[in-house]
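Asks: Each chain, letter by letter, is given below.
Protein chains: 2
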Amino acid sequence: MSFKQVWSDEIHQDSRYGIKGEILVNHKSKYQEIIIIKTKNNGNALMLDGCWMTSDKEEKYYHECLVHPALSSYEDPAKILIIGGGDGGTARECLKYKKVSSIDLVEIDKDVIDLSKKYLKNTGQEAWKDIRLKIHICDGMEWVKEIHNNYYDIILVDCSDPKEHSNVLFSLSFYRECKRILKQNGIFATQSESPEAFKDAHLNIINSVKKVFSIQSTLYSCVPIYPSGIWSWTFASDNKHDFLSKKYKNIETIEKSCEIWNLNYQSGGFKMMPNKILKVLDE
Amino acid sequence: MSFKQVWSDEIHQDSRYGIKGEILVNHKSKYQEIIIIKTKNNGNALMLDGCWMTSDKEEKYYHECLVHPALSSYEDPAKILIIGGGDGGTARECLKYKKVSSIDLVEIDKDVIDLSKKYLKNTGQEAWKDIRLKIHICDGMEWVKEIHNNYYDIILVDCSDPKEHSNVLFSLSFYRECKRILKQNGIFATQSESPEAFKDAHLNIINSVKKVFSIQSTLYSCVPIYPSGIWSWTFASDNKHDFLSKKYKNIETIEKSCEIWNLNYQSGGFKMMPNKILKVLDE
Numbered sequence: 001m002s003f004k005q006v007w008s009d010e011i012h013q014d015s016r017y018g019i020k021g022e023i024l025v026n027h028k029s030k031y032q033e034i035i036i037i038k039t040k041n042n043g044n045a046l047m048l049d050g051c052w053m054t055s056d057k058e059e060k061y062y063h064e065c066l067v068h069p070a071l072s073s074y075e076d077p078a079k080i081l082i083i084g085g086g087d088g089g090t091a092r093e094c095l096k097y098k099k100v101s102s103i104d105l106v107e108i109d110k111d112v113i114d115l116s117k118k119y120l121k122n123t124g125q126e127a128w129k130d131i132r133l134k135i136h137i138c139d140g141m142e143w144v145k146e147i148h149n150n151y152y153d154i155i156l157v158d159c160s161d162p163k164e165h166s167n168v169l170f171s172l173s174f175y176r177e178c179k180r181i182l183k184q185n186g187i188f189a190t191q192s193e194s195p196e197a198f199k200d201a202h203l204n205i206i207n208s209v210k211k212v213f214s215i216q217s218t219l220y221s222c223v224p225i226y227p228s229g230i231w232s233w234t235f236a237s238d239n240k241h242d243f244l245s246k247k248y249k250n251i252e253t254i255e256k257s258c259e260i261w262n263l264n265y266q267s268g269g270f271k272m273m274p275n276k277i278l279k280v281l282d283e
Numbered sequence: 001m002s003f004k005q006v007w008s009d010e011i012h013q014d015s016r017y018g019i020k021g022e023i024l025v026n027h028k029s030k031y032q033e034i035i036i037i038k039t040k041n042n043g044n045a046l047m048l049d050g051c052w053m054t055s056d057k058e059e060k061y062y063h064e065c066l067v068h069p070a071l072s073s074y075e076d077p078a079k080i081l082i083i084g085g086g087d088g089g090t091a092r093e094c095l096k097y098k099k100v101s102s103i104d105l106v107e108i109d110k111d112v113i114d115l116s117k118k119y120l121k122n123t124g125q126e127a128w129k130d131i132r133l134k135i136h137i138c139d140g141m142e143w144v145k146e147i148h149n150n151y152y153d154i155i156l157v158d159c160s161d162p163k164e165h166s167n168v169l170f171s172l173s174f175y176r177e178c179k180r181i182l183k184q185n186g187i188f189a190t191q192s193e194s195p196e197a198f199k200d201a202h203l204n205i206i207n208s209v210k211k212v213f214s215i216q217s218t219l220y221s222c223v224p225i226y227p228s229g230i231w232s233w234t235f236a237s238d239n240k241h242d243f244l245s246k247k248y249k250n251i252e253t254i255e256k257s258c259e260i261w262n263l264n265y266q267s268g269g270f271k272m273m274p275n276k277i278l279k280v281l282d283e
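Chains A and B supply the protein sequences, listed in that same order. The numbering used here puts the first residue of the first sequence at 1, with every later residue one more than the last. The numbering used here puts the first residue of the second sequence at 1, with every later residue one more than the last.
Honestly, the hints are just simulated from the structure, not real lab data. These numbers were taken from a predicted model, which means no experiment stands behind them. Treat the hints loosely; a few may be bogus.
Going by beta-carbon spacing under 8 angstroms, a handful of chain B positions derived as facing chain A [to be verified]:
#1 I19
#2 E259
#3 P274
Just so you know, even glycine gets a beta-carbon here, dropped at the ideal spot from N, CA and C.
With the sequences and hints as input, model every part of the structure.
Replies: In structure tokens, the structure reads:
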């Protein structure tokens, strides 16, 4: 039996980014519309509320750039918090670090996790079976409010674009809670949108994170499936000593396992703020 | 009178990259199909044989990364050769350098130049009126064969993807001719495709350039309108002394004029070879 190949598109202003495939899932959860398609060349791909989240072939561009700059620059990354990340890719990259003892993955939409486990096996891989991974179906802001001070080593925000239920994850109050529950030398990381397709959101994130943490830096790279292709991740801390420099002992092993990221790639990405963004931030 | 807004798509494997707009030009030249559309948010955009070439809004991502790494690292960039570049954007960036005394722009398709002058005014801007710019409607390979040894300071290859009439511009024999007509400390630069969407072509370019020139380096960045968004430009020379380091005196003035590129951005881009490309090249 053969299924119909159709185009699914993320439409952003005058542009559209389409992937052709067979629709495996077209489901309305409590929070959003979830579409999963099966493609010939990209593996399976996940779309939430009309926006591409991930595809088997290209997800490493996103997950490796969110996780490794934070974890590689931490000697003993034991307790990790992931906000969002329901496809399992961020958890998978974190679990490569033997020193990680527990990951709290806080995802608001249980259906995203259940469907990812079933249809995006290449993304979560063995992460779902790892006893260090604890899943909590919960609003991210509510979770961080309940955690006591100085608890996590690393917080990774792996969420969709700012809108409705994810808006709060880009707020000053959320960033302040994250800072409170991070250890003193802890590292905060968030996806920070595209400087081209979502310039205002991108600038807002950088400016807000700057108000809360004493140091920060934004890494630029690409995610093929996202509007404009250009994407960014912002890292922050209150520990000025060697922020984002290599500290994890066996990082070379992690480097070898990666498709996109390595320490050199990372040091390049931190220099690639487009001139027009630099000019606006300098004003 | 209002015109119909339609989607024009570049289709690559399972993916499509579309821009919505009013079709201003749909013309079959001697060499290719030329489409120019007018959009609300991206300005005008040019498509050749179904592939996006440039748009008013996003062309600087491409042109600044092709031109400035070469010209900024040259003390006296006087004689420039551009192969392709019929939209005028590469010439425009070169003409920012006061030391440039002449640019030979060798474009095979006169219609691309004529239509760009009329419909992509924001890309060529004043370049077409600059007496330093000489236009030659000619095949790139034929042009380089006719030039005597050690003639140009810089050669910039600004061409479309390898196919039919552009294939020769990615050949060893073309690179060898370029090396012959470059001065001893001259710099060769070519767009070198996407490491994601056109991985084989990308690797072929790097490997071929390496066979001809003694040193080379590939810069990675993004072009929003191109398949996968990730793009690359490869620079080469036989002059080992300070390859691709700042030499042009008033480079700060050029930096200020740019939307994307600056010297820091460039040094980052040269580090961003994706790990999976690095692994293949190391084999």
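Asks: It remains to establish, for every hint, whether it holds in the given structure.
Replies: Against the structure, the hints:
no. : hint : result
1   : I19  : 6 angstroms, holds
2   : E259 : 5 angstroms, holds
3   : P274 : 5 angstroms, holds
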